[in-house]
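Enquirer: Now for the letters of each chain:
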Amino acid sequence: MENLESILTEHPFLKDLDKKYIQLLVGCSSNVVFKTGDFIFREGEPADSFYFIRHGRVLIETHIPHKGTIMIRSREEGEILGWSWLVPPFRWHFDARAVELTRAIALDGKCLREKCDEDHDLGYEIMKRLALIIAEGLEATRLQLMDVYGNSTKE
Amino acid sequence: METAQKNRGIGKSDEPMLTEPFSIRRIRKETFDTFSLELESGRSGGGFAFSPGQFNMLYVYGIGEVPISISGDPTGKKVLIHTTRAVGTVTRAMWKLKAGDTLGIRGPYGTGWPVEKAVSNDIVIVAGGIGLAPLRPVIYHALANRDKYGKVVLLYGARTPEDILFWKELEKWRSRFDMEIHITVDRATGNWRGNVGVVTNLISRSPFDPRYCIAMVCGPEIMMRFTILELQKRGISDESIYISMERNMKCGIGLCGHCQLGSSFVCKDGPVYNYGQFKEIFGRREM
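Chains as they are written, first to last, in the working numbering: chain U, 1 to 155; chain D, 1001 to 1287.
If you're looking for bench data, these hints aren't it; they were derived computationally from the structure. No residue lacks a Cβ here, since even glycine has one placed at the ideal position from N, Cα and C. Any given hint could be a false lead.
[Unchecked claim] So these bits of chain U aren't anywhere near chain D, every CB distance computed over 12 Å:
hint, residue
1, Asn3
2, Lys20
3, Leu143
4, Gln144
5, Leu145
[Said to hold, decoys possible] In silico lysine-lysine, PhoX-like type, Cα no more than 20 Å apart, as pairs:
hint, chain 1, residue 1, chain 2, residue 2
6, U, Lys128, D, Lys1233
7, U, Lys15, U, Lys128
8, U, Lys20, U, Lys128
9, U, Lys15, D, Lys1233
[Unchecked claim] According to the in silico footprint, chain U covers these stretches of chain D (three or more CB under 8 Å from chain U):
hint, stretch
10, 1164 to 1175
11, 1219 to 1228
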């Protein structure tokens, strides 16, 4: 039977992380399940969790009055969800909604910050991995902003 | 790159600029600004042989001529299909045509996708926007010869769910067990429950073997640049990546020079290029 340690060890975000750190992270972790349509978090709420998605799909979205809901990005199995727990004021900037039955491991953001403060080697490992995710997100956002599929052909 | 020199098209013999009249059997609206033309030749027996990836020059009489890639089934040769966006004078005029109207066609021209080289390998098709149209013949070909290939994976990115081409076919292919399709959109509203994000996001989690794989990429150049980076990260060699270039093609036979790109003419030496042989030129600002 899978326990939290083995699930965390297998998650791509924590690939090759030293076992002693995985064990530290287990202390901040819990299994969570979201049904289709459940909001995992909402804009403005305290960002107190960091999610490792195991199964399902989550849409990150925002609501614009008179325009409705705009979906910005999706997150799936093997990916992480949320990094607002890392940066003050520790509040979510967008909504996240499960569009399928979604299983994840939730890490307590405050607990994780404390562990990273106590052990800077762990903190550096987490930051390196998050920096990659944030850089990928930034690059993807730039591409989205370019609206590359718009009309470009000239006759 | 595979040319279809063996294919006898039209307008290629003594008078390479001469078109042949094709009548429009049907015009299908694909999205709000994109449509497909189903064309029939008046020739006895009909038919139109081409290789996936090739294009024709389409002439709207009295308006002008444009290069458009062939988006139909290379195995079903009775009807010639082109898919294009109504974006300029000629294609807007084309969209106003009706069933029974006539267009001038010459072609097919250019290099095709490496469907023979891909035999025994996985095929990864990465398409962006209307870039799916020139890749659709590859899908038809691969599915008609399914036992020749390993995994067949389509990664498709569009601007919004409303901009997705060939919806019904994508749904049909998605229901097959021998093809994998992942679609993403740059942004969505309403009831969309699929992926949101750029098409490059799909590459890292796609189930193909980078050692035995041929990647075929078509879309805006900026999308192809970032796609190549992701394919390289997965370990695909440059020689296994093929891209389709778009330039201002006029004659279609390498004479006029409008589509010159470095030392090549896209209409004759392309539009499909091997990235390994083309990387010194691809993405260079001066080109």
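Enquirer: Report holds if the minimum CB distance from Leu143 (chain U) to chain D is greater than 12 Å, and violated otherwise.
Expert: violated (5 Å)
Enquirer: Does Lys20 (chain U) really sit off the interface, with its C-beta more than 12 Å from all C-beta atoms of chain D?
Expert: holds (28 Å)
Enquirer: Count residues of the stretch 1164 to 1175 of chain D with a Cβ under 8 Å from any Cβ of chain U, then say if the count reaches three.
Expert: Check failed, 0 qualifying residues.
Enquirer: Checking one constraint from the list: CA of Lys20 (chain U) to CA of Lys128 (chain U), max 20 Å. Satisfied?
Expert: holds (18 Å)
Enquirer: Taking C-beta pairs only, is Gln144 (chain U) more than 12 Å away from all of chain D?
Expert: The claim is violated: Gln144 (chain U) sits with its nearest Cβ about 5 Å from chain D, within 12 Å.
Enquirer: With d taken as the least Cβ-Cβ distance between Leu145 (chain U) and chain D, does d exceed 12 Å?
Expert: violated (9 Å)
Enquirer: Taking 20 Å as the top limit, are the C-alpha atoms of Lys128 (chain U) and Lys1233 (chain D) close enough?
Expert: holds (18 Å)
Enquirer: Under a C-beta cut-off of less than 8 Å, do 3 or more residues of the stretch 1219 to 1228 of chain D approach chain U closely enough to confirm the stated coverage?
Expert: holds (count 5)
Enquirer: Is the straight-line distance between the alpha-carbon of Lys15 (chain U) and that of Lys1233 (chain D) 20 Å or less?
Expert: OK: Lys15 (chain U) and Lys1233 (chain D) at ~16 Å, within 20 Å.
Enquirer: Against chain D, does Asn3 (chain U) hold up as non-interface, every C-beta pair farther apart than 12 Å?
Expert: Asn3 (chain U) clear of chain D: closest Cβ-Cβ about 25 Å, beyond 12 Å.
Enquirer: Between Lys15 (chain U) and Lys128 (chain U), does the CA-CA distance stay at or below 20 Å?
Expert: holds (12 Å)
Of the numbered hints given earlier, the model fails hints 3, 4, 5 and 10; all others are met.
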